[in-house]
Amino acid sequence: MPEASPATEKRFSLRRSVQKVVDFTEPAIVGLIHLCGWSAIIFVMAIFFFVFKESLPAITGIEEGDAVHAEVVKLDLVEFATSPKWIPESAKRPTFGILALMVGTLSVTVLSMLIAVPLGLGAAVYVSEFSKGKSREILKVLIELLAAIPSVVWGFIGLVILNPMIVEVTGEPVGLNILNAGIVLALMSVPIIVSVSEDALRAVPDSYREAGMALGANRWEMVYKVLFPAAKHGLLAAVLLGIGRGIGETMAVLMCTGHSVNMPTSIFDPVRTLTATIAAELGEAVRGDMHYHTLFLIGVVLFAFAFVINLTADLIVKGIKVQGNE
Amino acid sequence: MSTVAPQYVSTPFTAPEPEFIQDYSIRTNDLNLWYGDFQALMDVSVKIKKGIITGLIGPSGCGKTTLLRCFNRINERYGNVTTTGDIEILDKNIYDSDVSVRQLRRSVGMVFQRPNPLPISIYDNVLFGMGIHDAYKPLSKSERNDVVEEALREVDLWNTVKDRLKSRATTLTLEQQQKLCIARLLPLKPDIILMDEPCSALDAEGIEKVENLIESLRDEYTVVIVTHNMAQARRATDECIFMLLGEIIEHSKTSEMFLNPQHEKTEMYIQGRYG
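Chains as they are written, first to last, in this note's numbering: chain B, 65 to 390; chain L, 56 to 330.
This is chain B alone, in the form it adopts within the complex (with noise of 0.2 Å):
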């Protein structure tokens, strides 16, 4: 035999060892490791799985009725995608529209990506390319801390605050609509953006600065001419993660956005949202029923929301990794 084997190697090392508890911790600490890693992947399959599961019935069918008359329900899966209509509860004809819900959800994020956005993007150019020293450190303490302040107290925020400073300054009525829970929104994702893309600032090399500097730019060409360029995978990056947290926002947007079915004309209509709905039903959903069903079915809908803007974020992301390598 030319070599020794890995596994006569192995066991050949392990007699000779005196100290055979290292050589046990060893693979025990490895295998925690490992389990750390894959718990992970097994959380998220293990919710994705029952929320799917929940939601599975609405689609294959619910026994309604009494023992004598018993009959199949299905969900009218058209009518959940198209209808503007969301009456779960409605004694003669229950209709489960998700339309007005969807705009809800996709006209608040929208207005929000507005707003923070540019506020975002703007803030990380300043930290990373125009503060110094303490404020620098301070700022970026004071972003994270604005990241911290829990999602309800946004929403206390929207409630006492904005709206009547809405109802004032627009003469609406009220002041719960798009715009109150869209700034409100903005502000919660401002942080995220704020510190992903400094980061992403942060890391494009300081050679691309001198280089752009050495040629007679100044400091505001050198963000959006050498900067930008630079970085636009991770602050595209950060802009989808800002996305992902205003669709998944719950708290705030209950409170800030009127929380009626409808299906908006105007920034200052009120509008519900998706996870609102959620969070607000839910607890009263008969279990079993065809209400309680629908709602994690809105689940998946969100789900199949933030998965496709997590994976666009990642693939982004990884597409500067493969450019580094080139």
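Hints in this document: simulated from the structure, not taken from any laboratory. Just so we're clear, the structure is a prediction, and the values are computed from it rather than from any experiment. Please note that a few of the clues may not be correct.
[To be verified] Result set (EDC-like, lysine to aspartate or glutamate): computed pairs, CA atoms no more than 20 Å apart in a straight line:
1. L:K192 to B:E285
2. L:K147 to L:D85
3. L:K244 to L:D78
4. B:K296 to L:D179
5. L:K244 to L:D218
6. L:K105 to L:D92
7. L:K104 to L:E311
8. L:K104 to L:D141
9. B:K289 to L:D189
10. L:K102 to L:D258
11. B:K196 to L:E131
12. B:K289 to L:D179
13. L:K221 to L:E205
14. L:K264 to L:E252
15. B:K196 to B:E274
Using the hints provided, position chain L relative to the given structure of chain B.
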């Protein structure tokens, strides 16, 4: 009377007779520079002649890169830099209040140790400087193409990259990247090109090519080059300035400095016995 030596001559190049060159591109007068409390340059007074290649040599930390980075005022970006004294570039003190740093950097280009093309296309890299200096907008598309072609031809890169001008500059080899970094200065028509160890990231073949390129820039541009590599200083420069601990020790023609150094320290350094 020697004129410009043919480029195939590999022996140390003899500079054009200094008597005929009254023009100085860069003059410093009692230049002192501090990084915080640390004095990096002490009473530096040099005159760098126009149209030749001047090497700055000396051991690490002697201030040669600092001096180079004074000439386009790029060392000011660190904030804690204090300077006294004058630097005159093309007979204008660059610390005067009416000097625009932007214009200064247009006429004083810089090439860095590590090739640093921007992560945009090769084409856009060449035109980047023009975009900064608003020299870009009045040009038609074909004129822009001409500018790019001319610059890339001048650094002998055109034939290599002409079919992939739109690909990212960071996909080039290091040698090509460094050539591109030189090429992107040329459309701005600089008077002076500063080079901070431009070959130290390259392999032997790349060094030779970039050195040939630097040689070809002589006459048209004043080149100031910092180098750690004694052989390179000897091969590629016309004059050399030897620095030690922030002071100028010796400034003479390269051939003289290497054959007959005036100072003991210079001799020790160029012979490799010090630094």
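Hints, verified against the model:
1. L:K192 to B:E285: holds, 16 Å
2. L:K147 to L:D85: holds, 16 Å
3. L:K244 to L:D78: holds, 18 Å
4. B:K296 to L:D179: holds, 16 Å
5. L:K244 to L:D218: Answer violated: K244 of chain L to D218 of chain L is near 25 Å, above 20 Å.
6. L:K105 to L:D92: violated, 34 Å
7. L:K104 to L:E311: Given that 20 Å is the threshold and the Cα spacing comes to 16 Å, the pair holds.
8. L:K104 to L:D141: holds, 17 Å
9. B:K289 to L:D189: holds, 13 Å
10. L:K102 to L:D258: violated, 32 Å
11. B:K196 to L:E131: holds, 15 Å
12. B:K289 to L:D179: The hint holds at about 11 Å.
13. L:K221 to L:E205: holds, 16 Å
14. L:K264 to L:E252: holds, 14 Å
15. B:K196 to B:E274: holds, 18 Å
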